[in-house]
Amino acid sequence: MKTLFPVAVVVAAIFALWYVFAVVLNAPWAYSKADRAGVELSFSEMVSDTMAQEKPRLPAPHQVGAEIWKTTVEKKITSKRSLIYHGWITLRATLLGFAFGTGLGVLLAVSIVYFRVMDMSVMPWIIASQTVPILAIAPMIVVVLAALQVNDIVAKGVISMYLSFFPVVVGMVKGLRSPDRMLLDQMKTYSSSASQTFWKLRLPSSTPYLFASLKVGVAASLIGAVVAELSLSQNGGLGARLLAGSYYGQTIQIWSALLSAATLAALMVFTMGLLEKVTLKRMGMAQ
Amino acid sequence: MNNAVFRPKEATQVTETVIEAKGLDLTYQTNDGPVHALKGVDLTINKGDFVSFIGPSGCGKTTFLRTIADLEQPTGGKITVNGVSPEEARKARAYGYVFQAAGLFPWRTIGGNIRMPLEIMGYSRADQDERVKRVLELVHLDGFEKKFPWQLSGGMQQRASIARALSFDADILLMDEPFGALDEIVRDHLNEQLLELWARTNKTIGFVTHSIPEAVYLSTKIVVMSPRPGRITDVIDSPLPKERPLNIRDTPEFLEIAHRVREGLREGHAYDD
Chain Y
138 MKTLFPVAVV VAAIFALWYV FAVVLNAPWA YSKADRAGVE LSFSEMVSDT
188 MAQEKPRLPA PHQVGAEIWK TTVEKKITSK RSLIYHGWIT LRATLLGFAF
238 GTGLGVLLAV SIVYFRVMDM SVMPWIIASQ TVPILAIAPM IVVVLAALQV
288 NDIVAKGVIS MYLSFFPVVV GMVKGLRSPD RMLLDQMKTY SSSASQTFWK
338 LRLPSSTPYL FASLKVGVAA SLIGAVVAEL SLSQNGGLGA RLLAGSYYGQ
388 TIQIWSALLS AATLAALMVF TMGLLEKVTL KRMGMAQ
Chain S
5 MNNAVFRPKE ATQVTETVIE AKGLDLTYQT NDGPVHALKG VDLTINKGDF
55 VSFIGPSGCG KTTFLRTIAD LEQPTGGKIT VNGVSPEEAR KARAYGYVFQ
105 AAGLFPWRTI GGNIRMPLEI MGYSRADQDE RVKRVLELVH LDGFEKKFPW
155 QLSGGMQQRA SIARALSFDA DILLMDEPFG ALDEIVRDHL NEQLLELWAR
205 TNKTIGFVTH SIPEAVYLST KIVVMSPRPG RITDVIDSPL PKERPLNIRD
255 TPEFLEIAHR VREGLREGHA YDD
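Heads up: the protein sequence lines correspond to chains Y and S, in order.
Residues in the first sequence are numbered consecutively from 138, following the working numbering.
Residues in the second sequence are numbered consecutively from 5, following the working numbering.
It is worth saying that the hints were derived from the structure and are not from the lab.
A few of these clues could be false.
[Stated by the list, open to error] Under the rule of at most 20 Å between Cα atoms (straight-line distance), these lysine-lysine pairs were calculated in the PhoX-like manner:
#, chain 1, residue 1, chain 2, residue 2
1, Y, K325, S, K150
2, S, K95, S, K82
3, S, K150, Y, K337
[As the list claims (entries may be wrong)] Which stretches of chain S does chain Y cover? Using the computed rule of at least three CB atoms under 8 Å from a CB of chain Y, they are:
#, stretch
4, 94-101
5, 109-120
6, 123-132
[Stated by the list, open to error] So these bits of chain Y aren't anywhere near chain S, every CB distance computed over 12 Å:
#, residue
7, D186
8, R318
9, Y327
10, L417
Just so it is clear, CB atoms sit at the ideal spot from N, CA and C, and this is done for glycine as well.
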């Protein structure tokens, strides 16, 4: 309840601003229509017109809401116009990419922590990889992987992975290095082997860091999947809906796909948070 | 007085040497030049001794303990533990080490923490259970096996840490200011328990401390050290009986030893200034 109120206030503020901008941005089109029809437009007529245009510059929230309702609840989920259908396609690619990214990230982190050569040679490349615009590199990856006869969903997963492995590497390296000297010395007094130190000390110590990374990673993964769908739009997905919307100037469709993607990301981050809570509680690390 | 080493009179009965250091040097290379953490340290510790190392910060007492444990490498001289090198002794799991902080793993219960070295050393599950139960009783923590570290007070955590160091029955127990962070009352209590534990297990204990009363109360042998370079200035064999109630600290014998320790510490400082 305590958290609900501030959240509600922020949401209300966003909606209010959104309506104001909808009026301001759509007004020119309303006036121009009236001008051509040779009628004078009162302020209230203008406002009501900006709320109900077919291809507004900025659709009003209720227009987007109605579109989302129409394309989720009222459409069969097998329909190509259903947002749930497209959302599911995106979600699959996201989860696949997230799994790839997490795996790759953990693997890289372990090798960076254990091999100084990796730390020196690979880390700069990992950072450089994130400065390349994903939008530019995604089509190349699609083309290359298609030439290699790789499944489309895997190709999307790879693009997703490209974004999501980074936070995992950074977080895991920090996490695996988090045990202080005393704890490491302690393991040494037991004459613990390197693998025992890894499984019994380093890995458990890194868990809170891993979850922090996973939350960032899963959101990045969704962005990767959506971007990949701009290049692989024939397979559908929220990215394909965005692209189709922009081809035909269907701003309402674009905004509803955008909002759906944002909701999906929020849900996944929330799920990760829940998983984090449960895991840390079971490990005894949450008090 | 510099570098003078006071050797105790030869013991009359036959004793078994556990730790022996001869002319031990340890020098760190830093940007400001070499730091002599230990210089010319000679010391013999016999089986069943309770040896305290006392001295101001930087006198090398912790460094010496860590050298015994093979956590630091000497740059000169010789040291043996159970007749072999510290590294071999460590690999043979000859000692348990208690650090300044309890160092319990937050994701493991108290029982799980004590089990950690046992798992690493490959004890069977049944053996682990039996040992966890036994050492928890030894430090009076029975019933806390399933609790997580954060559910225990600082003193209890430190006791759990001692239990863990005892769990694999090493004959040597090395303790680096284990009660340094605890308040006086808890500390007294733990000191009493430690003596009782020492009497029951007959271990050889190396104990680093800042506190003169603690050192005198616990030890059969008190090693006074001083800094720059870290060295031993006095070795005092305590005439106090093995049986020591807390009020022994008000006896003249006790105060006399405490006085000698204080003098030793002062000399180390006077030389330095």
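Checked hints:
1. K325(Y) x K150(S): violated, 26 Å
2. K95(S) x K82(S): With a Cα-Cα distance of about 18 Å, the restraint between K95(S) and K82(S) holds, given a limit of 20 Å.
3. K150(S) x K337(Y): holds, 18 Å
4. 94-101: holds (count 6)
5. 109-120: Three-residue rule met by the stretch 109-120 of chain S, so holds; n is 6.
6. 123-132: Check passed, 3 qualifying residues.
7. D186: Consistent with the label, D186(Y) stays out of reach of chain S, its closest Cβ about 61 Å off (over 12 Å).
8. R318: violated, 9 Å
9. Y327: The assertion about Y327(Y) is violated, with a minimum of 4 Å to chain S.
10. L417: Check fails; 8 Å does not lie beyond 12 Å.
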